[in-house]
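Trainee: With the hints as a guide, bring both chains together as one complex.
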Amino acid sequence: MSVLVFIDVAEGHVKKASFEVLTYGADLAKQLGTTAEGIVLGSTNEDLAALGKYGVTKIHQVKNSTLDHFDSQVLTNVIAQVAQEIGAKVVLFSNNVDGKAIAPRLSARLRAGLVSGAVSLPDTSNGFVVKKNVFSGKAFANVSLTTDVKIIALSPNAYKVQETGGTAAVISFNATVPASRLKITSINKVSGEVPLTEAEIVVSGGRGLKGPENWGIVEDLAHALHAALACSRPVADAHWRPHNEHVGQTGIAIAPNLYIAIGISGAIQHLAGVNRSKVIVVINKDPEAPFFKAADYGIVGDAFDVVPKLTDAVKKLKGTS
Amino acid sequence: MKILVCISKSPDTTAKIAFTDNNTKFDTAGVQWIINPYDEWYSLVRAIELKEADASTTIHLVTVGAADVEPIIRKALALGGDEAIRINIESHDSFYIASQIAAVAKQGGYDLIFTGKETIDYNGSSIGGMVAELLELPFISLATKFDLTGNKATVAREIEGGEEICEVQLPVVVSCAKGVAEQRIPNMRGIMAARTKPLKVVEPSAAETLTAIQNFGLPPAKAGVKLVSADNPADLIRLLHEEAKMI
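Chains as they are written, first to last, in my numbering: chain Y, 243 to 563; chain C, 791 to 1037.
These stretches of chain C come out as covered by chain Y in the derived footprint (C-beta under 8 Å, 3 or more residues):
{"no.": "1", "stretch": "802 to 808"}
{"no.": "2", "stretch": "821 to 834"}
{"no.": "3", "stretch": "952 to 964"}
FYI, nobody ran anything at the bench for these hints, they're computed from the structure.
Where is the CB? At the ideal position from N, CA and C, for every residue including glycine.
Next up, chain C with everything else stripped away, as it sits in the complex (with noise of 0.2 Å):
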């Protein structure tokens, strides 16, 4: 078995947003970055269970991003996975990445590709369907469970108030979701492991570029709570039904 688990740096989840460049640009400055939560809490742990439930599985890890994403991958193969791939080029198109990370599937011949269900940055949703398609296999998004029986994934997908349960020969793609797996931390040997594990690089494939970002901005601020008294809860309905028209 062997399992292809796609990662993707993200800023921490409190980080500051900010743009620069005219607001074309994120602002790095001050932001702590770490493994996507979706990558690494579901689908790298899932993939590091199915590896101790079955030794002989093998976890290849692969990222799209320049040098600087090194520490993040390193972060990862603590957790697991025996070991990483590189592709040294920097985008924000999906269709690009998600073209990168197939030319890197099609040569390792994986049974199982995992992804997050979405970037906490970009929110686009989008890798694991675009690898899918690309790669001519099926494609399990926001999936909750998933387990192995041989060759045969069972997994549960989210759907509108509850979940789908089906049946899929490997090869598959799958985007997982909360649900999958619970989050581990690394532990001291996992750490020491990481730093000779290997870590390969390579330059990016021809690909199309489909989307470009022109600038970014913030959100109106809110403006400000009006506070009702607990005194007089029925206050709060009145407002709701009279000023906001929301019941």
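Looking at chain Y on its own, in the form it has when it is part of the complex (with noise of 0.2 Å):
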């Protein structure tokens, strides 16, 4: 009996939102008074064993060029070997892009319950109750696993990163890799820019900057802070912005600690895919703009004037003028 933590690596490195897992999965053992034990499938470029310092004593990793390629069946299928293995009772992922195609999956083969978009520890003193986000983060659910084997997607950004020293020991797993039916042709990445899933702060545009010539004031100060671009939905569907910035109850939902919004008037269904935001700062020159009744900071204003002078201040801040 252990808790099993699912490490996602991407082109030989691991994501950020495993070391939130890797955190979550120590002291969910901690609780249950067991082990946490992380699994690695694939190459990859990190120093594993450093991992421990996260909470897990053993690592297994599962070294074939097949797992490299990331396609759900055959790497459901080799976790489960790995779970069955060493008797895992809770499996954990990332609620995230691989996570979401992975622990569906899982709870079927495994025919163990799944709560995706966990957002705290389980409530173990009477069973086995996870709380998750439901309603676009409106509300959340209690929900109750009473399989044998249990799997939680944890939300990203819901769990704070700890790091409480110690190495793990590095074991290699034996698998069985089936062949994979998918051929990954090619990956497509925007670089030099922070995933806007993985972003602590995101600056969002919306129709208030009037076009996509005016985005340099949001570019500047996203950069400034460090943070990833985001967009409403009328600024994706014109066009202006990428489908791919677009965060609101269609687009991706996203929960930084910091969501700043410029020229976005906040209708509900946007508000749905940030409102786990730690902090919302809103940016708008309307002061009866909905957004303002969501947010934690604002500024009634004119973006154009504004978001400049916000740029500066950062800057200042950060002593890079």
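Mentor: Here it is as structure tokens:
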């Protein structure tokens, strides 16, 4: 019996979301009186033993070139082998792009109850109850898992990463790796920018910016804050910005520490995608904009005047001006 | 080509979220029900586009729900699709729902199964992956583009900071996100035609339930916005640094 943490690797690097899940896994193991172990599939450039600092004692690595490419069917098969071999009682994922593909498959394969989008450690005082977001962050639900093996996919940025020190034993696991039926032909990344779903700070622009040619002020502020860029739905629909920047009910849901909305009125559908942000800042010239009701800080003013001044203030604060 | 499109109902995006029965049930009073936007705008519309490109394509819609879901499935049929199957049971357990869909899919022999990337009520993002595993099929999650050349699908899926393009031979299960297609409005001809399209009701097959919702709650309300004067924006940065400790 142990807690097994899926360590998500992309292009040889462990994703930030996995540090959160490792910490969560170590805390959960403590709560259950057991140990947390990690699983890494494929090759990586990282010092896996060092991941012990998040509290995992062992890391099972399956090296096989098939596993270097993302195929949820193959990865699920191999994770199931490891989970069964070590007798894992709880398997943990980040509820990120990869977790959303693998966790449901593993749930069906192992007949293990899944809670996706968990926001805190389970309540194990009477059963096993996990709190998760529902209704696009407008509410939460407490979900009871009654199966022998349980799966939790942790909401990104919901659990604080903690380093407690320590080294993990890295164990090579001999798994049977099935052939992949997918062929990955290319990976297109916007280089040099902070990925939206991993960003701690997000700067977002709406129709109030009047046109794509005015995005420079948004980009400048984002760069100064080392933040990711986002936009509202009308902006993406008008092709001012690429659709992968659209946050909201029908775009991407994010939960950064700080969300700065510029020229976005705050329609309920937009709020559904950003309401789990820890701090929301709204800059809008309309004092009646509904977004102010959901904001922590706000400025009623013209973005073209206010935003460059914010950028200057950030640079000054960080000593980069 | 046979396509199965999974349709779920969801509360309208502007619906007030409240709970009854000691916070154990979603309060449906006054709630307008819609087709889950991801199911409608992206997966159903893309299926319709594929049929427009190849008239020999058949589209079946499947939904798991009680009789009250029928107006939603008729609305989906008004957009397109040849016939619908309603599995007559209401459930909030993803695995139970996925098992029902997988049972229907097995019988139908579909080349392509589309789901939305998640429902906007329970946000499970689970049905597609579970159906794929139950059918032992490849699964592409969070697709942002989907194209077919003969029996080969080229799919882009969302990854952190970009997209990954992959090729896969049908049959495959795909969960659709923004980018796969654009929203459409049903026209009068479609609405009229939908009235007479077959809507088959089948009873659920035996399946396990793996989870149970105990209760719901609402997040604590925000304390209220702290406004900073537009004459001194630097003060906002100071507050974010000193008070909120976010930068």
